[in-house]
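Let chain R serve as the given structure and place chains V, W, U and C on it in line with the hints.
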Amino acid sequence: MAEAVETLDGWYMLHDFRQVDWTAFKKASTEEREQAISELNHLMASWQDVEGEKQGSFGFYTVIGHKADLLFLNVRPTMEELTELETALNKTKMAEYFTQPYSYVSVVELSTYMAQGKDPETDPEIQARLKPILPKWNHVCFYPMDKRRQGDDNWYMMSKEERVKQMYQHGMTGRKYAGKVRQIITGSQGLDDWEWGVTLFAHDTLQFKKLIYEMRFDEVSARFADFGSFYIGHRKEREELERIMHV
Amino acid sequence: MAEAVETLDGWYMLHDFRQVDWTAFKKASTEEREQAISELNHLMASWQDVEGEKQGSFGFYTVIGHKADLLFLNVRPTMEELTELETALNKTKMAEYFTQPYSYVSVVELSTYMAQGKDPETDPEIQARLKPILPKWNHVCFYPMDKRRQGDDNWYMMSKEERVKQMYQHGMTGRKYAGKVRQIITGSQGLDDWEWGVTLFAHDTLQFKKLIYEMRFDEVSARFADFGSFYIGHRKEREELERIMHV
Amino acid sequence: MAEAVETLDGWYMLHDFRQVDWTAFKKASTEEREQAISELNHLMASWQDVEGEKQGSFGFYTVIGHKADLLFLNVRPTMEELTELETALNKTKMAEYFTQPYSYVSVVELSTYMAQGKDPETDPEIQARLKPILPKWNHVCFYPMDKRRQGDDNWYMMSKEERVKQMYQHGMTGRKYAGKVRQIITGSQGLDDWEWGVTLFAHDTLQFKKLIYEMRFDEVSARFADFGSFYIGHRKEREELERIMHV
Amino acid sequence: MAEAVETLDGWYMLHDFRQVDWTAFKKASTEEREQAISELNHLMASWQDVEGEKQGSFGFYTVIGHKADLLFLNVRPTMEELTELETALNKTKMAEYFTQPYSYVSVVELSTYMAQGKDPETDPEIQARLKPILPKWNHVCFYPMDKRRQGDDNWYMMSKEERVKQMYQHGMTGRKYAGKVRQIITGSQGLDDWEWGVTLFAHDTLQFKKLIYEMRFDEVSARFADFGSFYIGHRKEREELERIMHV
Amino acid sequence: MAEAVETLDGWYMLHDFRQVDWTAFKKASTEEREQAISELNHLMASWQDVEGEKQGSFGFYTVIGHKADLLFLNVRPTMEELTELETALNKTKMAEYFTQPYSYVSVVELSTYMAQGKDPETDPEIQARLKPILPKWNHVCFYPMDKRRQGDDNWYMMSKEERVKQMYQHGMTGRKYAGKVRQIITGSQGLDDWEWGVTLFAHDTLQFKKLIYEMRFDEVSARFADFGSFYIGHRKEREELERIMHV
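Protein sequence lines, in the order shown, are assigned to chains R, V, W, U and C.
First residue of the first sequence? That's 2 in the numbering used here, and the numbers climb one at a time after it.
First residue of the second sequence? That's 2 in the numbering used here, and the numbers climb one at a time after it.
First residue of the third sequence? That's 2 in the numbering used here, and the numbers climb one at a time after it.
First residue of the fourth sequence? That's 2 in the numbering used here, and the numbers climb one at a time after it.
First residue of the fifth sequence? That's 2 in the numbering used here, and the numbers climb one at a time after it.
Wrong hints could be hidden among the right ones.
Said to hold, decoys possible - 30 Å max Cα-Cα, derived DSS-like pairs, lysine-lysine:
no. : chain 1 : residue 1 : chain 2 : residue 2
1   : V       : 94        : W       : 68
2   : C       : 166       : C       : 119
3   : W       : 94        : C       : 27
4   : C       : 237       : V       : 28
5   : W       : 28        : R       : 28
6   : R       : 94        : W       : 27
7   : R       : 148       : V       : 148
8   : W       : 27        : V       : 148
9   : W       : 92        : U       : 148
10  : R       : 94        : C       : 237
11  : V       : 132       : V       : 119
12  : U       : 92        : U       : 132
13  : V       : 92        : V       : 27
14  : V       : 161       : W       : 166
15  : R       : 161       : C       : 161
16  : R       : 27        : R       : 161
17  : C       : 68        : U       : 28
18  : V       : 27        : C       : 28
19  : W       : 92        : C       : 27
20  : W       : 148       : R       : 148
21  : U       : 132       : R       : 148
22  : V       : 92        : W       : 28
23  : U       : 132       : C       : 27
24  : W       : 55        : W       : 27
None of these hints come from the bench; they were simulated from the model.
In this text the structure is predicted, and so the values were computed from the model without any measurement.
The shape of chain R in the complex, shown without the other chains (with noise of 0.2 Å):
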């Protein structure tokens, strides 16, 4: 029996993708849209307080493709304001012109090495990083994974020792993209479908393919990475939100 690997647990994230029906927001009249509009952005100006008050965080973004159209990215300290926040979006006007084609949730998993030698309950580094404020970069990169337990590439039966090893060389990947390409590591064993969520920020798009392509051929991704689908987005203002939907 290998031994489990301790985690610092943070807040939570629900990265909640949407699909527009621009057909039916077409055929709104004009007041309905402007009051969707509206309502809607007095909603995201509230999210954008939380994060104001440090009791969270927001981030909204065009997604490129068909699988979804916009995200609306929220960190908060309980999954149930997650849910909450989640239910008040779908019961906005805007909401009547809004498919959900996918969502994760997931909560920001920091490794306990990384807390050494120091208190991870005032350490304002490790704070930072558990409840964490979403950088205000150009693009954002979403995918969920597991660690792979097939045959004999299974993850959870090596040593803790080979575990680390492969871990930090896999650090030592994502350190050459420092100032390029930030991440959160989000867990959701118990939570959502993967094991774990990835976001990334980055000024480039073209970074992210950079990243990812150069980590699949570290160990702990070549034998061990199972990829979810990937989605891109591009970081938009609250007040860009008219011109988004404008029809």
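Below, chains V, W, U and C without anything else, positioned relative to chain R:
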């Protein structure tokens, strides 16, 4: 040919997940909405009465994410009672605003080695576990699972001794979470698409993640567990229905 | 090249699963609903007549869970009769309130070693099994399955002797459930998406679970069985249709 | 690097499966329904004319089960002709009551060893097989398939000798069904989601099952064949369209 | 840890597949249809202008089968330009009659060994390949793919020498099709659900099949390639839009 495990089987469970069509619900008249809420309230009250009479149990939960909005969890002595109460829910006014994205049917299952030296038909602890009253804890986590039968990782080809040993270690991991997580294991071979359902209850959602993550390093999970989707819900009183459905 | 098994083939079966659109059914007028019920009643009566004339068999079941609400199970000497009665059902008034989430087409199959020393064309027991009248037992369980062809677990690469031996042991497990579970095995290679369909009948739903669970420890299941979805239904008289559809 | 097989390639096939929305069709006026039937009748007549002119072939089939209701099977010298006739069907009145749950595009393929010592461009037998007129037999069976590339079971890593030997044995199994089953093999690497399509024709549906089941014991199927969905249809004359669509 | 390949990355591609709702389009008024065609025509003209200014490229294709009806293929220096032109298409009148069953986002990728001794920033051949103008050939074939990481067939665990050798052989197979098939390889690690997209162009659809089939015998495909769906389209001039959409 490996020796089969004997089980004790108790009440049946139906996990009935529903999604709300908020647009249709908002388009209904105030009277229709009030009628829908009132009728569903009465149905849930009747399910609570069954729990009061110790003829079953009932839990009502809001669910996070795109997979579902609500979970109606009923426990009954026979499966057909569950089929009938599902149909009763389908026929309510409220169901006109629901879809049913998922459900799971299974039966409470205990291993017979739990019953050593006891008469399961009369032993109060065993009877209480076979005919469970759902804990009134804050959060619920449901997922279905299989024991793997793949190449060298074939649970059903192992000796009973090895299986019992691995399950015992697994139980030891679970025991660390006493007071934090309660679980109901249900069997569903021949009843639904996976072999088991696992329903966990906790005061704090983080304990779901901690338990599942730690257990994944047990050999029985690492080598032999295949998981379906994970659903997380928050327990609600029947009286909260009106607030939850308020638009 | 392994030696192929010879089979005796009998009547064809169509498992026709339907889901009720209760909202649409409630929105229909009383006259429309009565017409729909009466017309479906007549169609089912005609199917029962066919059973009376020993030209086929028919069963009607309510189904638990989100996968289906109703099962119409017809048995006929030719497949095209089944195609035609499926179309007849599709054209009824009631079908305007149905969707068809699943179906399965297969043909009753017996191994020839059952027929040793007998003439299958005239032997009454073999004829009764090839042209089955569906048991009037309380519950039905249907699932499709494949024999695995994967790495070292390749059923079709094993010698006939080994296959016969494993099937014999499997049959011994089944025999323990005589009087509790009856089964009809149908072949569907070339006819539908899995290799076989299994239709079980029981007085008590728990026997489905007990049989399937115990059989999973047989080598033929543990190493070689891949399963599709499981559907459970409860047998209903035609006269119950009105009550079932009452809204 | 294994030696690639050379193939002879003939006409293209489009298997175009349609589902009927009976509710919408019944709600149409008698005039609309008559117009829809008449227009589709004309389109099918034009496809038959093409067959008469030996510029292609056409078959019309009713399909059992939830996967489809109808199959329009067209054969043409170029793929783009198929794209255009599919669009022509899409634009008919009748298509307003159809959905298209599945389709398959592929090209008739013969192995070159069939052509030993013959000039495939002029040999009448080879030409007839490359440019097939669909048999007017009662039933059709379609399924797509891949040759497996998995661990030790990798078709494309085997020597050409071994592949030819296994295909020869497979052909011997097929030959037993001469007069009972006719087959058209089409290649679809680079054209659709599987590597081949198999279209079988029989007077008796049971022969599909017998052939496929017996072939599954050939090593080439047992170790190397991965199958998609199976679709079974019954051949209909164009004149039967009105009866088939009668509501 | 295997050595990662360095790549040169060029323009981004969005494969935007659309399905036509012909029923809705026919129900629109003549004015609405003309407006929809005219507006889409203008949008496509603007995309052609971008190609004229060498700031991107554009191709318009009809697609065979149930997977899609049309393909709008745009190439741009940045991903966000693609997100915006996708949204522009979504907002057109014509999009009210479209659904979007699939899309793919990726970036043109060249291996650096192609650039030996050259400055990729200025070399005209490399620049032309990184910033491709889509060939005006008759047919297009698109499919996404992964390099396999499974047991002993793990591309990312092989030495760089072995990978380069296999890719070289693979390139030799491709070279046989010079003048018959042109290809654009795009990378999508971190951008979409597969690792690469492959877009082929040909005068004759049969060459797609011949190329893909022959390549499947290369070790790099036989052991290491996993494929997604294949989509085939026929290149159309913008002026043909009216004919294509004529109902």
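Verification of the hints:
A hinted pair counts as satisfied when its Cα atoms are at most 30 Å apart, and residue 94 of chain V with residue 68 of chain W qualifies at roughly 21 Å. Between residue 166 of chain C and residue 119 of chain C, the direct Cα distance comes to roughly 22 Å. Compliance with the 30 Å bound is thereby established for this hinted pair. Under the criterion of a C-alpha separation no larger than 30 Å, the hint pairing residue 94 of chain W with residue 27 of chain C is consistent with the structure, at around 27 Å. Simply put, residue 237 of chain C and residue 28 of chain V have alpha-carbon atoms about 44 Å apart, too far for the 30 Å limit, and the pair is violated.
At most 30 Å may separate the alpha-carbon atoms for a hinted pair to count; residue 28 of chain W and residue 28 of chain R meet this at roughly 25 Å. The hinted pair formed by residue 94 of chain R and residue 27 of chain W meets the criterion: a straight-line CA distance of about 27 Å does not exceed 30 Å. With a C-alpha separation of about 18 Å, the suggested pairing of residue 148 of chain R with residue 148 of chain V holds against the 30 Å cut-off. Distance restraint check for residue 27 of chain W and residue 148 of chain V: the Cα-Cα separation of roughly 43 Å exceeds the 30 Å cut-off, and the hinted pair is therefore not satisfied.
Our distance criterion of 30 Å between C-alpha atoms is broken by residue 92 of chain W and residue 148 of chain U, whose separation comes to about 40 Å. The hinted pair formed by residue 94 of chain R and residue 237 of chain C fails the criterion: a straight-line CA distance of about 41 Å is larger than 30 Å. Annotation: proposed proximity of residue 132 of chain V to residue 119 of chain V holds, straight-line Cα distance about 17 Å (limit 30 Å). Distance restraint check for residue 92 of chain U and residue 132 of chain U: the Cα-Cα separation of roughly 28 Å lies within the 30 Å cut-off, and the hinted pair is therefore satisfied.
Our distance criterion of 30 Å between C-alpha atoms is met by residue 92 of chain V and residue 27 of chain V, whose separation comes to about 20 Å. This hinted pair checks out: residue 161 of chain V and residue 166 of chain W have alpha carbons roughly 22 Å apart, not beyond 30 Å. Proximity of residue 161 of chain R to residue 161 of chain C is assessed by CA-CA distance (about 29 Å); at most 30 Å being required, the pair is judged to hold. Pair hint residue 27 of chain R plus residue 161 of chain R does not hold up; C-alpha atoms about 56 Å apart against a cutoff of 30 Å.
In summary, the hint linking residue 68 of chain C to residue 28 of chain U is supported, as the alpha carbons are separated by about 28 Å, within the 30 Å threshold. Between residue 27 of chain V and residue 28 of chain C the CA atoms are separated by roughly 28 Å; this keeps the pair inside 30 Å, and the hint holds. Distance hint between residue 92 of chain W and residue 27 of chain C is fulfilled; the C-alpha atoms sit about 26 Å from each other, no more than 30 Å. Only pairs whose Cα atoms come within 30 Å are accepted, and residue 148 of chain W paired with residue 148 of chain R is accepted, the gap being roughly 29 Å.
Of the supplied pair hints, the one linking residue 132 of chain U and residue 148 of chain R is violated, its CA atoms being roughly 51 Å apart against a limit of 30 Å. Annotation: proposed proximity of residue 92 of chain V to residue 28 of chain W holds, straight-line Cα distance about 12 Å (limit 30 Å). Restraint check: the Cα-Cα separation between residue 132 of chain U and residue 27 of chain C comes to about 36 Å, which exceeds 30 Å; the hinted pair is violated. Note on residue 55 of chain W and residue 27 of chain W: the hinted pairing is violated, with a Cα-Cα distance of about 37 Å set against a maximum of 30 Å.
When the structure is compared with the earlier hints, violations turn up for hints 4, 8, 9, 10, 16, 21, 23, 24 and for no others.
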